[in-house]
Amino acid sequence: MILLRVATLPPNTPFLPLPFVTPTFPSSNFKTPGRRNLVVLRQSHNLNYYTSDWHVSPETMEQKDLSPEINRTLYPDIEPYNSGFLKVSDIHTVYYEQSGNPDGHAVIFLHGGPGGGTSPSNRKFFDPNFYRIILFDQRGAGKSTPHACLEENTTWDLIEDIEKLRDHLKVPEWLVFGGSWGSTLALAYSESHPDKVTGLVLRGIFLLRKKEIDWFYEGGAAAIFPDAWEPFRDLIPENERGCFVDAYHKRLNSNDKETQVMPVLFTIFETDGTSAFTVLTLLYLEGCEFWLFKRDVCLNKAMLRFYLLFVMLVGVMVDKVGLAVTLGMVVALVLKIGSVYAAARAWTTWELMTAHLLPNEGHVKRGADDEFCLAFARIENHYFVNRGFLPSESYLLDNIEKIRHIKTVIVQGRYDACCPMMSAWDLHKAWPEADFRVVPDAGHSANEPGISEELVAATNKLKSIF
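Counting with UniProt numbering, you get residues 1 to 466 for the letters of the sequence shown.
Quick caveat, the hints were computed from the structure, so don't treat them as lab data.
Just so we're clear, the structure is a prediction, and the values are computed from it rather than from any experiment.
Treat the hints loosely; a few may be bogus.
[Said to hold, decoys possible] Straight-line alpha carbon distances no greater than 27 angstroms define the calculated DSSO-like cross-link-like pairs of lysine-lysine that follow: (1) K250 with K170; (2) K196 with K429; (3) K463 with K164; (4) K143 with K87; (5) K210 with K143; (6) K461 with K210; (7) K170 with K407; (8) K463 with K402; (9) K429 with K461; (10) K170 with K461; (11) K210 with K87; (12) K407 with K196.
[Claimed, not checked] What follows is a set of in silico ranges between Cβ atoms, one per label pair, in the way DEER data are often shown: (13) P237 with D195: 44 to 54 angstroms; (14) E238 with P194: 19 to 29 angstroms; (15) E152 with S464: 16 to 26 angstroms; (16) D441 with P226: 15 to 25 angstroms; (17) N253 with K402: 29 to 39 angstroms.
Glycine residues also receive a C-beta, built at the ideal position from the N, C-alpha and C atoms.
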């Protein structure tokens with residue numbers, strides 16, 4: 001009777017509020033003097049950067065991310081004329097799409113992150129009457145499956161995928177366009193297959209060297225964005241702050257959503273197959289999701305142990321020891337999953353808040369999408385821990401000779417806090433033949449007016465090579 005009565009509770013019923021600490025980003029009104037006020041975080045926007053109380057569709061986020069000034073620079077919105085999924089390994093299937101002119105000159109867009117995925121606005125850097133625009137989501141990102149999967153996910157796997165996609169689409173050669181991590185992958189791909197690349201557009205150069213990763217994750221960028229840094233820092237205990245990349249790696253990879261929950265569900269069905277038991281367990285999971293997945297939580301381990309003990313004691317009191325043990329397992333796993341999402345949101349939001357010279361509310365709201373954050377944080381961290389799976393720190397620069405003949409435009413924001421200009425400058429010195437464009441009033445994002453203007457100019461300039 002108890003089981004049946006509880007099983008009829010509404011899906012979002014909070015079963016037992018958990019004591020937790022919710023890290024929040026500050027709402028500072030600090031302003032930097034100049035011709036434009038650089039408002040770091042604005043309370044007047046009523047924007048809590050560290051909550052999931054909203055759900056914003058990717059299309060809505062794209063529109064908010066693009067200012068009227070940027071839209072005047074970019075080409076109009078277009079829809080794909082073809083899309084599909086390509087199985088590239090026993091594990092991975094990647095999403096791709098084509099838009100623009102089916103008979104035009106092919107260009108492939110390599111997204112950032114890694115793990116960032118593509119979005120509709122990525123099509124707008126290219127003249128749709130001239131280019132056959134090809135976008136694809138790299139392994140584990142965007143619409144590619146399995147989501148956020150790290151197995152068989154390396155730079156060299158992605159390079160093979162690009163070649164498989166080129167063969168699948170019957171493209172003999174193409175222009176390669178990549179920004180941030182996309183610039184890393186574009187360089188690595190071009191150096192591996194220089195005969196397949198007609199030109200390169202590179203933005204926000206990232207060479208995946210230790211000093212670049214340390215700059216962003218070990219205190220360099222924090223000097224510019226201390227208010228955005230502290231919530232990222234505070235998720236990690238003081239005794240683990242020697243290397244934030246490693247500390248987040250531990251949290252982002254300690255549990256896998258599918259491998260956690262499915263064994264528990266099998267245990268449920270093997271232990272007690274009654275429908276009431278199943279319904280109760282699923283409702284319990286949904287209640288935990290209501291309290292955990294829709295919030296950012298730093299769980300107190302002592303309180304977690306108390307909570308699990310409480311659940312088991314209640315089960316014993318109603319003479320359902322098997323139920324109590326199983327529910328305890330479920331709760332423990334759900335709480336661990338919740339902590340993975342908390343780490344993913346903290347990791348992702350730190351980057352989102354530092355990507356623009358001027359604050360961009362629509363861009364930061366992407367941190368409210370748990371699935372986006374999970375793929376972005378896990379895959380990006382996976383690559384950074386492994387230094388991009390490159391043979392050496394200077395691998396990309398050491399192999400410039402292989403692509404020196406390729407027509408290339410490099411676009412770099414002067415005040416890029418994510419991928420500071422030192423990397424673009426090093427690339428420029430190693431490759432002076434490339435057209436090097438520095439945008440004096442921009443940060444990292446491709447969706448800043450000066451950056452987008454230079455990127456469109458670059459794709460138009462490179463029409464001449466065809």
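Outcome of the hint check:
Under the criterion of a C-alpha separation no larger than 27 angstroms, the hint pairing K250 with K170 is inconsistent with the structure, at around 41 angstroms. Between the alpha carbons of K196 and K429 the distance comes to roughly 25 angstroms, so the proposed pair stays at or under 27 angstroms and holds. Among the hinted pairs, K463 with K164 is consistent with the structure: their alpha-carbon atoms are about 25 angstroms apart, no more than 27 angstroms. Proposed proximity of K143 and K87 is supported: the alpha carbons are some 13 angstroms apart, at most 27 angstroms.
This hinted pair does not check out: K210 and K143 have alpha carbons roughly 30 angstroms apart, beyond 27 angstroms. With a C-alpha separation of about 34 angstroms, the suggested pairing of K461 with K210 is violated against the 27 angstroms cut-off. Among the hinted pairs, K170 with K407 is consistent with the structure: their alpha-carbon atoms are about 23 angstroms apart, no more than 27 angstroms. As the CA atoms of K463 and K402 are separated by approximately 22 angstroms, the hinted pair is consistent with the 27 angstroms bound.
Taking the CA atoms of K429 and K461, the gap is about 22 angstroms. The hint holds against a cut of 27 angstroms. The hinted pair formed by K170 and K461 meets the criterion: a straight-line CA distance of about 25 angstroms does not exceed 27 angstroms. Simply put, K210 and K87 have alpha-carbon atoms about 33 angstroms apart, too far for the 27 angstroms limit, and the pair is violated. Distance check on the hinted pair: K407 and K196 sit about 13 angstroms apart at the alpha-carbon level, within 27 angstroms; holds.
Take P237 and D195: their Cβ atoms lie about 51 angstroms apart, and the range 44 to 54 angstroms holds. For the pair E238 and P194, the beta carbons lie near 48 angstroms from each other, so the given range of 19 to 29 angstroms is not met. One distance hint, 16 to 26 angstroms for the beta-carbon pair E152 and S464, is violated here, with the actual separation near 39 angstroms. D441 and P226 have their C-beta atoms about 22 angstroms apart, which keeps the hinted 15 to 25 angstroms range intact.
Between N253 and K402 the beta carbons are some 34 angstroms apart, a value that agrees with the proposed interval 29 to 39 angstroms.
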